[in-house]
Amino acid sequence: MNHLKKLVVVFSCAVSVSSAQVFESRPIPAVDVKDLNGKTVNTSTLNNNGKPMVLDFWATWCKPCVNELTAISEHYEEWQKETGVKIVAISVDDARTMANVKPFVNGKGWDYEVYVDPNGDLKRALNIGAVPYVFLVNGKGEIVSVKTGYAPGDEHKMYEEIKALTKESN
Amino acid sequence: MNKMIKLITGRILPVIFLGAPTLSLAQSSPGEIHGSFQIDGQYYIQDSTISAPEVAEKYLLNGYGDLVFTKGNFKAGVRYETYQNVLLGYDKRFNGSGIAHRYAEYDNGELAITVGNFYEQFGSGLILRSYWEPTLGYDNALDGVRVKFKPYSGILIKGIIGKQRYYFKTGEGIVRGVDAEVGINDLIKKWNDKKTRVTAGFGFVSKYQKDDDNVYILPENVGAYAGRLDVTRGKVTINAEYAYKYNDPSSLNNYSYKFGDAALLKATYSQKGLGILLAAKRIDNMNFRSERNANLNDLLINYLPALTKYHTYSLASIYPYATQPNGEFGFEAEVNYTIKKGTKLGGDYGTNIIVNYSGANSLSTEPVAGKDLYKSDWGKFGKDVYYKDFSLEITRKMSKNLKITLMYINQVYDKDKIQFQGSKQYGTIYDNIIVADITFQLNDKNAIRTEWQTLQSEQDYKSWIAGLIEYSHSPNWFVAVSDQYNYGNEKSDKRIHYFNCFVGYTKDSHRITLGYGRQREGLFCVGGVCRQVPSSNGLTVSISTSF
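In the order they appear, the protein sequences are chains A and B. If you use this note's numbering, the first sequence corresponds to residues 43 to 212, in order. If you use this note's numbering, the second sequence corresponds to residues 2 to 548, in order.
It is possible that some hints are incorrect.
Here are the simulated lysine-lysine pairs, DSSO-like style, with alpha carbons at most 30 angstroms apart [said to hold, decoys possible]:
1) K105(A) / K446(B)
2) K463(B) / K93(A)
3) K389(B) / K236(B)
4) K508(B) / K123(A)
5) K123(A) / K182(A)
6) K196(B) / K149(B)
7) K273(B) / K205(A)
8) K149(B) / K123(A)
9) K151(B) / K195(B)
10) K182(A) / K151(B)
11) K128(A) / K182(A)
12) K159(B) / K93(A)
13) K159(B) / K76(A)
14) K199(A) / K81(A)
15) K384(B) / K165(A)
16) K123(A) / K342(B)
17) K165(A) / K72(B)
18) K199(A) / K273(B)
19) K81(A) / K105(A)
20) K273(B) / K236(B)
21) K205(A) / K128(A)
22) K170(B) / K76(B)
23) K76(A) / K190(B)
24) K463(B) / K105(A)
25) K76(A) / K236(B)
26) K273(B) / K105(A)
27) K384(B) / K128(A)
28) K384(B) / K372(B)
29) K446(B) / K76(A)
30) K128(A) / K236(B)
31) K195(B) / K81(A)
32) K199(A) / K446(B)
33) K81(A) / K196(B)
34) K105(A) / K508(B)
Derived by calculation from the structure, the hints in this document are not laboratory data. For clarity, every value in this text was computed on a predicted model and none was experimentally measured.
If we strip away everything but chain A, and leave its shape as in the complex, we get:
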């Protein structure tokens, strides 16, 4: 029972800290991931020069994730022209399908910046349960909103939020 009491105390602190806002912005945790050429990159270096970024967690075996990234790819060029947004697609494929990521992304014709998180270190650091899991990051590198799951049409709402962020930083 003791550990449950301790957990309740810590949890109520967490709740009181964040009850003021619906979502509290946070910096991206610094974790090592690999790019598609095998180079280790620390997520603290991810940035888009003051413009908004989208961190999209996906996997080659996750159909809604692939549908979401495909739907966005149809509008990506336009989004980039209008807002300068950068989509960073982070795959949580493990050792079984990690090698599949590069040919998959290319075969689908996507233009995103893609990384792999081999043992789920970044996934755990961000408390992600299931994919798809999408974070919207402002120009200062802070995560400002989160979305889980994908329903066709979600990309339109995402774009509204990206545009709002762009206006804010301007």
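Starting from the known structure of chain A, fit chain B onto it as the hints suggest.
Below, chain B alone, put in the same frame as chain A:
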């Protein structure tokens, strides 16, 4: 000796006591608390048609909550798990509640020390992978100490020691290991901008467990090493890895004193619109656990990835593949190609085609006199087919509102070997599967997705037909109904409908889903690691959030 002293006083001590350049964002912010919670509960209804096991408690629940506190270079976390009682299909040794995971970590970018529970992987995991997959009920976290050290740009050295998680306790065996990975392009200045990127790694892991056996003299320390090389140049990538394990006799390999080894080779070619993957994998006697007689998914030290296509459509996942750690020879070939949009074959939006052929055979072995028990021919595929899977998937957006995916799959599945360790009950199953997945977007916010599937087979359950209709209202709601009907079953009383309906609500990072209906019994697998799920009928509730 001098060089050693220089390394310690020049590089290691200053890093520990003076702190190396810290990660800028983390340093200036005040402490933060984040975490996640998930609850999965099911109310079970008696259903003799599907031979659902009786659930005395009627309602079962799995839940967990995890918290992470970070401030500057310091991080601490805890995870509490509760099983009141554990859901059907998960190991019954998940019993009661407690702190399942707790740790504290200091990481200044050059040196990271973790005490408590941690997850770690060396290379592809052939000699070490501890990870958490809650949907599988898999958690082989290490409990001990981990050190990560980056003395120079391009070099990462890791050291670990600890015991593995065993439900709410730890296993008996002690696992220790070291790994070094070198990114040659980051290490050597002249190679910084070279077109060819090379990464090499080498790891060694050993486990200790006392020998209490009366019959055999069992090795108490068993070591394994693995080397890996990754080369990328332009459009081509090659990954090669080889692991060797010293003799590790146990009931799982009939007390063979033979060494074990695993080899993995993957080559990919990628350019815009085309991706090709070729992979081969050979595993021989690679069961590696921190307790010799652990079985199922308990206390596994390593991870032997399956090389087969991961299917998520319901009928295509009736026969999933599970890696055979005692021996298998697997392969995979996949081509992912997009026919350009604006062309006759491609249509207005382009057409994506994925072709995959994968499978696994036994090894070519013959028995030998002596403690090894058998020897295997390195280059040959064995004659027993464990699994073969050919699939063709075509996705095309037909118009602004209509998107269609068609898939054809052909499978060969040795159910006895894969699910029942070779007992002769079911034989090999041959099936053909067709899936049509159609999404119709009514407007910006509303969409209807339908799935139509059929599985044709003359073995085991024989033939099935399945359908799904899902309505979603972006961004928060979805409602779905689905049915899987085993119309072809030999026994007329087994021609059952597995009918389900779901409703779900998601907002930001919160998600609630309710489901009602019949669950088919079967194997649920992630990455070649599986758990058996019994049939059930009832109401399921899932709630998850993270903050």
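Okay, the hints, checked on the actual structure:
{"no.": "1", "hint": "K105(A) / K446(B)", "in the structure": "holds, 19 angstroms"}
{"no.": "2", "hint": "K463(B) / K93(A)", "in the structure": "violated, 56 angstroms"}
{"no.": "3", "hint": "K389(B) / K236(B)", "in the structure": "holds, 28 angstroms"}
{"no.": "4", "hint": "K508(B) / K123(A)", "in the structure": "holds, 29 angstroms"}
{"no.": "5", "hint": "K123(A) / K182(A)", "in the structure": "holds, 20 angstroms"}
{"no.": "6", "hint": "K196(B) / K149(B)", "in the structure": "holds, 28 angstroms"}
{"no.": "7", "hint": "K273(B) / K205(A)", "in the structure": "holds, 28 angstroms"}
{"no.": "8", "hint": "K149(B) / K123(A)", "in the structure": "violated, 41 angstroms"}
{"no.": "9", "hint": "K151(B) / K195(B)", "in the structure": "holds, 22 angstroms"}
{"no.": "10", "hint": "K182(A) / K151(B)", "in the structure": "holds, 28 angstroms"}
{"no.": "11", "hint": "K128(A) / K182(A)", "in the structure": "holds, 14 angstroms"}
{"no.": "12", "hint": "K159(B) / K93(A)", "in the structure": "violated, 36 angstroms"}
{"no.": "13", "hint": "K159(B) / K76(A)", "in the structure": "holds, 17 angstroms"}
{"no.": "14", "hint": "K199(A) / K81(A)", "in the structure": "violated, 33 angstroms"}
{"no.": "15", "hint": "K384(B) / K165(A)", "in the structure": "violated, 41 angstroms"}
{"no.": "16", "hint": "K123(A) / K342(B)", "in the structure": "holds, 21 angstroms"}
{"no.": "17", "hint": "K165(A) / K72(B)", "in the structure": "holds, 19 angstroms"}
{"no.": "18", "hint": "K199(A) / K273(B)", "in the structure": "holds, 28 angstroms"}
{"no.": "19", "hint": "K81(A) / K105(A)", "in the structure": "holds, 27 angstroms"}
{"no.": "20", "hint": "K273(B) / K236(B)", "in the structure": "holds, 10 angstroms"}
{"no.": "21", "hint": "K205(A) / K128(A)", "in the structure": "holds, 12 angstroms"}
{"no.": "22", "hint": "K170(B) / K76(B)", "in the structure": "holds, 23 angstroms"}
{"no.": "23", "hint": "K76(A) / K190(B)", "in the structure": "holds, 20 angstroms"}
{"no.": "24", "hint": "K463(B) / K105(A)", "in the structure": "holds, 27 angstroms"}
{"no.": "25", "hint": "K76(A) / K236(B)", "in the structure": "holds, 17 angstroms"}
{"no.": "26", "hint": "K273(B) / K105(A)", "in the structure": "holds, 21 angstroms"}
{"no.": "27", "hint": "K384(B) / K128(A)", "in the structure": "violated, 50 angstroms"}
{"no.": "28", "hint": "K384(B) / K372(B)", "in the structure": "holds, 25 angstroms"}
{"no.": "29", "hint": "K446(B) / K76(A)", "in the structure": "violated, 35 angstroms"}
{"no.": "30", "hint": "K128(A) / K236(B)", "in the structure": "holds, 23 angstroms"}
{"no.": "31", "hint": "K195(B) / K81(A)", "in the structure": "holds, 13 angstroms"}
{"no.": "32", "hint": "K199(A) / K446(B)", "in the structure": "holds, 9 angstroms"}
{"no.": "33", "hint": "K81(A) / K196(B)", "in the structure": "holds, 12 angstroms"}
{"no.": "34", "hint": "K105(A) / K508(B)", "in the structure": "holds, 20 angstroms"}
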